[in-house]
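Chains A and B supply the protein sequences, listed in that same order.
First residue of the first sequence: 1, per the numbering used here; consecutive thereafter.
First residue of the second sequence: 1, per the numbering used here; consecutive thereafter.
Just so you know, the hints here were simulated from the structure itself, not pulled from any lab data.
Warning: the hint list may mix true and false statements.
All copies of an identical chain are treated as equivalent in the list; a pair is satisfied when it fits inside any one copy or across any two copies.
To be verified - Derived SDA-like pairs (lysine to any residue); straight-line CA-CA distance at most 20 Å:
(1) 182 with 132
(2) 135 with 7
(3) 182 with 14
(4) 135 with 184
(5) 135 with 4
(6) 135 with 182
Protein chains: 2
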Amino acid sequence: MTPRIQMDHGAGGRASQELVARTFMPALENPILSELNDSALLELQGLSLAMSTDSYVVDPIFFPGGDIGSLAVHGTVNDLAMRGAQPLFLSVGFILEEGLELADLERLVDSMASAAREAGVQVVAADTKVVERGKADRIFINTAGVGAIPPGVKVAGQNGRAGDIVLMNGPMGDHGVAVLSKREGLSFQTEIRSDSASLNGLVNEMLEASQEIHVLRDPTRGGVATALNEVAQQSGVGIQLDEVRLPIRPGVSAACELLGLDPLYVANEGKLLALVAPEEAELVLDAMRQHPLGRESCIIGEVVSEHPGRVILKTEIGGSRIVDMLSGEQLPRIC
Amino acid sequence: MTPRIQMDHGAGGRASQELVARTFMPALENPILSELNDSALLELQGLSLAMSTDSYVVDPIFFPGGDIGSLAVHGTVNDLAMRGAQPLFLSVGFILEEGLELADLERLVDSMASAAREAGVQVVAADTKVVERGKADRIFINTAGVGAIPPGVKVAGQNGRAGDIVLMNGPMGDHGVAVLSKREGLSFQTEIRSDSASLNGLVNEMLEASQEIHVLRDPTRGGVATALNEVAQQSGVGIQLDEVRLPIRPGVSAACELLGLDPLYVANEGKLLALVAPEEAELVLDAMRQHPLGRESCIIGEVVSEHPGRVILKTEIGGSRIVDMLSGEQLPRIC
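Same shape as in the complex, but just chain A (with noise of 0.2 Å):
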């Protein structure tokens, strides 16, 4: 059978992982792209950036909590914020199918505008191509972004170590479930709201709170599961997780489990993980729980240098269990 392109490539577990290890970096392979950070490090003349690419194809395209524009600002935003950087620039690219109502555009390059003007990011290139109905659907955006990363800042999948603590600046799955929930047409009694938001504000507490923040990862396709595990395999450490510990709203929880999902899984849009060193991390957890988007923060784990590239999971009734990457879709065009 002819090897074909299959959802679960593009879900961001195990499938999309091979297909980069396999398809793209025999090919494209260089020392920067190599790193697999959510955002490349990038020396020029004396200054440190970052760039980050992604392709926003969620459906629908308006969910409670966010739609696709505001989610292509944020996204590419925290893939930034993840490396430390300051966010400076957006390029756009649109991608409209014929026939998507001018006023839904309106609302969402409205949405786009606001969602930059918070983040404190500028969009200084945009480009727009038009395909026949039925060969895209409605929407699709890019948006790439360009960095600064302010000196003595270095965070970076590679760099955890035993000891580090595990933070995580609220619930987990909110996104996922929310968008889920609108696809579906379902309704649940407290409505399920997406979590998207920029982080850059939050990170630059963070930073200013502590320069031990070792690693920095947002749980977007493939959830808080597969972020840790990518860390794990490329800082070469374990990470053990507290089941008991784990953030979850009871309403996204019930959703889960009706929807027969694991929330460690479920996309997340406004969340970070950090590694910190443990001396200094109450002193970050103080920070982030004194800024708007960090007020649920709490310790989730800890990092060990037992079953390197590994993340296991202590559960509630004392046992532990293997939390592997996502394998398989679990939900598509999830962001």
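Please build the complex by placing chain B on the supplied structure of chain A, with the hints as guidance.
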């Protein structure tokens, strides 16, 4: 009737311009974006950078002389080069349709890698999304690029002056006709191949020859006519073209006649237009002709103070006619 996106909005002509002016600019406006150059000029701690983005939706994805992969590199490299920037870094966003053959994807990625190597740029960031069968058209690629503008280089669409000579590095229309012929299954006696190529090497030679290059523009969507109309508007000057001097291959000319296309509006992907101070025009022309991509360079017109914002063609038989921007869709999905 509900206003909706039409194919015209993506054609790069008047409808595209109106969409930008009415929908994007009111929300996103800032001094950098408002310049509407091929790439944005970013000033960052004493460094001058250029940033640009384009999405590529060309149909078919393989065509004589290129494919969507090489095109996605050439197009963005050229947008940076049109600002006089040295292209350095590219980000790549893939949107893949479920069912795309992996072998095709690999071929496209190899093609991107070759094009990037040739142009001297590194792909530093990448992203892949997959959408369901029927929700895209095999593959869409977005590239964003960052380049460095050497000190002293001041090339911009606003800088054209009366008296400037208009140069072009070779015949027009090859790309558009090559793509259309392949799409429609037409064959001509001589195969028409896309001119798709990275122009940064040629631009380097030109800038080394003269500091008096005022404007560079690549006549992609909307062709030479639309690109020169944009420049005439941005610089507030008139442009006069000489019909007898307009370079076109006999095969492309014949194909255009057959297909009812005006070659002045057909897309090029390896061509540039340069507005150069008259006293330096010969010098620049000589430099262009010594470069492999400039062998067929020629003078096609001049900049005048009359009819600001308009392009006038002096016809072969001694008359003259206004050459307007592309209005309506001449060729859909050409890049």
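Going through the hints against the structure:
In this homomeric assembly, residue 182 and residue 132 come within 20 Å of each other (Cα to Cα) only across copies, at 18 Å, whereas the closest approach inside a single copy is 26 Å. With identical chains, the CA atoms of residue 135 and residue 7 are at most 20 Å apart both within one copy (17 Å) and between copies (12 Å). Proximity of residue 182 to residue 14 under the C-alpha cut-off of 20 Å is found in neither arrangement, the shortest distances being 27 Å within a copy and 37 Å between copies. Taking CA atoms no more than 20 Å apart as the test, residue 135 paired with residue 184 passes between copies only; the shortest distance there is 18 Å, against 23 Å inside one copy.
For the homomeric pair residue 135 and residue 4, the shortest alpha-carbon distances inside one copy (19 Å) and between copies (16 Å) are both at most 20 Å. Taking identical chains as interchangeable, the C-alpha atoms of residue 135 and residue 182 lie at most 20 Å apart only when they sit on different chains, with a minimum of 19 Å there against 23 Å within one chain.
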